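Trainee: Just so you know, the sequences run in chain order U and W. Heads up: the first sequence begins at 1 in the numbering used here, then just goes up one per residue. Heads up: the second sequence begins at 1 in the numbering used here, then just goes up one per residue.
Keep in mind that the hints are not guaranteed to be accurate.
Given that identical chains are not distinguished, each listed pair holds provided it fits within a single copy or across any two copies.
Unchecked claim - Calculated lysine-lysine pairs in the DSS-like style (CA-CA distance at most 30 Å, straight line): (1) K306 / K211; (2) K18 / K231; (3) K421 / K331; (4) K115 / K69; (5) K300 / K366.
Honestly, the hints are just simulated from the structure, not real lab data. Keep in mind the model is a prediction, meaning the values are calculated, not measured.
There are 2 protein chains.
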Amino acid sequence: MRRILIIGSGKSTSYLLKYLLDKASLESLFITVADIHIEQAVQLIGNNPNAEAIQLDISNDALRTNLIKNADIVVSMLPAHLHIEIAKDCIRFEKHLVTASYVSAEMQLLDEDAKAKGLIFLNEIGVDPGLDHMSAMQILDRLRSEGAEINTFESYTGGLIAPESDDNLWHYKFTWNPRNVVLAGQGAAAKFLDEGSIKYMAYNQLFKQTKPLQIDNFGDFEVYANRDSLKYKAIYGLKNIKTLYRGTIRRAGFCKAWDVFVSLGMTDDSYTIEDSEHMSYRDFTNAYLPYHNTNTIEEKLRHQLKINDENLWNKLLELDLFNANKRVKLKNATPAQILQKILSEPWSLSQYDKDMVVMYHKFGYKRHDTSHQTNASMVILGETQTFTAMAKTVGLPVAIATLAILNGKITSPGVQIPIAKNIYQPILEELQQYGIIFQEKEIF
Amino acid sequence: MRRILIIGSGKSTSYLLKYLLDKASLESLFITVADIHIEQAVQLIGNNPNAEAIQLDISNDALRTNLIKNADIVVSMLPAHLHIEIAKDCIRFEKHLVTASYVSAEMQLLDEDAKAKGLIFLNEIGVDPGLDHMSAMQILDRLRSEGAEINTFESYTGGLIAPESDDNLWHYKFTWNPRNVVLAGQGAAAKFLDEGSIKYMAYNQLFKQTKPLQIDNFGDFEVYANRDSLKYKAIYGLKNIKTLYRGTIRRAGFCKAWDVFVSLGMTDDSYTIEDSEHMSYRDFTNAYLPYHNTNTIEEKLRHQLKINDENLWNKLLELDLFNANKRVKLKNATPAQILQKILSEPWSLSQYDKDMVVMYHKFGYKRHDTSHQTNASMVILGETQTFTAMAKTVGLPVAIATLAILNGKITSPGVQIPIAKNIYQPILEELQQYGIIFQEKEIF
């Protein structure tokens, strides 16, 4: 029996656990899921004798270290900032570690210790980061082996709603963490490479300056820039890259409407609104508009932001932003918290809603003095509210990598991400069995 | 001999010191100016036997406490965050203290100690804060004593360039701290009261949503909102106020053009630009605009921000924003630092330039069931580059208050600001002798 410890039971537990349970007998696995909330895990495990769910408060050092000590490999699905304690335990008790999160500076510091003890600390093995790395590197490595000189790399990902459940004007619902959606893009300007020059894009331009995207059979999308695309030059070895851009996918028309909230300041999380508890949604909207003795709040908003696009305007109406009867009911709330509350109703998933994960890469390159462009796209649809596309694209790569480490198929020790061929190749191959497949298209 | 210690010799030392030197014999004063840089003070003192300039690094505890111990009253003209050490020394050695800065939370904590020892800690006695408090409270108190119910109070201040030196398209030069001008308005949204409702205005709306202002003989201005106007409700006792707004004055047309920098993100101080040192001004501008294979940078900027106002466009041209030969020459600079550098040449004061301080209050009120409006405005012109309007309006109130405390004309102890009649009345009266006079005008 090899013992797998999964700490943290979140939205992507479904596929992660199902994959391991399905292989448990054949591969002699025993899986322990540990979290404060274990209802979902208990349900997924059912009567399976190869798994258990244990309630764990991760600040409980005795129980946590005992669980880790008894495991052969640890998977941390906790929020990113909580990995480090687990990682230190893994060093101490000499256990491999898998996470789907970005490598933090603190995590990176453990590289030497992990190498010295022969431990594999594999991070960024979810969807984004994760699938994006693996699928991009697979094509980049292949093109380079064929003599291509890569000059353009663009990579977009989005968590969206499946076409069959797409029933609002924004073509969007919260399929993952709503707070991250509301705060997306804040902080320092986005930076990327555009035909050889570094470009900076401020938050208040981010949703105004989008790129269009079309995907066969799925229609029109648009993309806004992620925070820092420049660092991928080194990560992907894109030495002579001229254009390097990573972005987030939304349905066409989303960003210009979202920019209304950015422009008014409704996504700000840095101060609280006075008496937010008793405000109506209409009061909240009016707090960002000047007094006028005859114009309505609707008229004031249209005037201030010069809105003459009826599609955009109807998106705002759909959200109940002007409703005088709905109350915020949040004490000392920031604008971002209030906006999230307003969006939570129209954008919540109903029982039969299915989600969709879209990923798209664009590769521009020269080979034998001619220019080429190849695109690769992936669209994954959710099956149920538990077995979502997001859970699948995060959970399966984590699960496959975990078993691959246990089975000695991934061997190089240290803190790492899945950009080496010997890691991404077998994982991508196995993912195809689950329908996680990229469609490649040579444009010219 | 009464000993006055002035710590910090900045731009407002000229009038502050001149006032005290002029009264030194008659009033038996000996004035010590202490700072790291004492050149200006040395020059202003000349052969006057009633004053001295001493070089002081304020982290030199021995020298600093010795100077404070020997003084009868201390004036701190240091940057606001440096007052607190001086203030604690003043408690310890039982000295009165005068500053022109906002009362910090730390300063407020000394109120009890100051009162227990009978010490006067008078703050916010410059121009803004300072003259604004005194002139507003004088009119508010008078109106209220006449039975007025105040429903509107707006108060604007601006440090500008005198009409005779107004020779650029922005009608603006740096007459005070350029960094503060570049960063103005950042952080949490501005908040104010507008006809009974609290309004929030995000940074990216601040320079778009201005109020027009006309002043007799001086023409057209405009006003953008200051950070927090709400707190003045309590400070000025404006119980039933419906509209409460404080703002900063610029010449008409300035704000819409400044908003170009805000929109692009050029005022951001939170990250550094790569290779800023070798960038040309044109490169810097281009870093905020997308690549285009035929359009010029000028065309890209006009297109992106939809600029069709030629006056605004000419303002941008005037700043050399598109100059490919001028280099930034600042290592690891933030956008805000680079913008300040670009502005520093066209907006620097030349030898004979004179500045201008403008202050304006609007009072709306009801008396005997009829509505009234009274405005009060003050325009002060600088005399030289040393004896500026800014130095006068900051330095003279500080100087007059300092002598008034020494002479026992201000007696109430504690941490305070000049909103009590017994403080503002004699100071405003004396300021009139120096031409600091408000013109009142009943509108209806």
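Trainee: Look at each hint and say if it fits the structure.
Mentor: Hints and how they fare:
1. K306 / K211: So K306 and K211 pass the 30 Å test inside a copy (22 Å) and across (18 Å) alike.
2. K18 / K231: neither (34 Å within a copy, 57 Å between copies)
3. K421 / K331: The answer is neither: 51 Å in one copy and 39 Å across copies each exceed 30 Å.
4. K115 / K69: For K115 and K69, the Cα distance is within 30 Å only inside one copy (19 Å; across copies 62 Å).
5. K300 / K366: between (52 Å within a copy, 28 Å between copies)
Of the hints listed earlier, those the structure fails to meet are numbers 2, 3, in rising order.
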